[in-house]
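Engineer: First residue of the sequence shown? That's 465 in my numbering, and the numbers climb one at a time after it.
Be aware that one or more of the hints could be misleading.
[As the list claims (entries may be wrong)] Computed cross-link-like contacts, DSS-like style, restricted to lysine-lysine with a CA-CA straight-line distance of at most 27 Å:
no., residue 1, residue 2
1, Lys593, Lys551
2, Lys593, Lys563
3, Lys551, Lys563
4, Lys517, Lys629
5, Lys496, Lys593
6, Lys496, Lys517
7, Lys586, Lys496
8, Lys551, Lys496
These aren't lab readings, by the way, just hints derived from the structure by calculation.
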Amino acid sequence: MGSGLWMICTGACLTLLLFVRTYSRLVSLHRKTERSFQDVERFIEDRVNLYAKWSETVAAYDLNQQGMLAEMMIIREHFEEMTSEEKLRLCRVLDTFYKQMTASAARCPRLRTSQMYIQLHKRADEMMKEMPDACRHYNEFAGQMNEVISRFPTNMTAVLFGFEKKEQLSLPKNKSDFF
465 MGSGLWMICT GACLTLLLFV RTYSRLVSLH RKTERSFQDV ERFIEDRVNL YAKWSETVAA
525 YDLNQQGMLA EMMIIREHFE EMTSEEKLRL CRVLDTFYKQ MTASAARCPR LRTSQMYIQL
585 HKRADEMMKE MPDACRHYNE FAGQMNEVIS RFPTNMTAVL FGFEKKEQLS LPKNKSDFF
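Generate the whole structure from the sequences, applying the supplied hints.
Structural biologist: Rendered as structure tokens:
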């Protein structure tokens with residue numbers, strides 16, 4: 465009877481140890497993912513502010529882009545309240561706005577030659593060349609987190625404590641293909 469109790473206690477201790485270890489690993493990966501997302505978030509916020517200025521310039525020359533300007537102002541106003549997932553989805557919206565603003569410049573020669581437009585477009589291009597590095601760093605940790613959450617027994621610990629898979633950013637193969 466004594467050896468049976470000993471085996472039960474040993475099994476319970478090993479289970480608890482495994483549980484604590486997997487929880488600790490999840491917390492560590494979650495923190496790393498959140499820290500790396502802060503870099504991405506800073507880029508997205510800078511991009512939103514830049515695109516708001518850029519859309520003002522575009523809308524001044526191309527009245528068809530007033531809707532985009534209004535949407536950019538709403539995005540900028542509510543950026544702080546957005547969740548991480550909403551901010552990640554916002555990148556696709558900003559990519560669409562980039563295409564719309566460059567298309568407006570192609571249609572409007574005065575806009576294309578505007579010094580303000582040229583400066584803002586150049587800054588947007590520079591920013592987009594820097595951004596993929598931060599995104600790759602975030603994707604690396606998000607991928608590790610998703611992989612760990614997918615495996616047994618970590619998936620049970622993740623469900624128990626509310627850890628969820630992270631959405632990853634879609635990146636082009638080459639930095640020049642970002643748009």
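Engineer: Next step is simple, just say for each hint if it's right about the structure.
Structural biologist: Evaluation of the provided hints:
no.	hint	verdict
1	Lys593 <-> Lys551	holds, 19 Å
2	Lys593 <-> Lys563	holds, 16 Å
3	Lys551 <-> Lys563	holds, 19 Å
4	Lys517 <-> Lys629	violated, 34 Å
5	Lys496 <-> Lys593	holds, 23 Å
6	Lys496 <-> Lys517	violated, 33 Å
7	Lys586 <-> Lys496	violated, 32 Å
8	Lys551 <-> Lys496	holds, 18 Å
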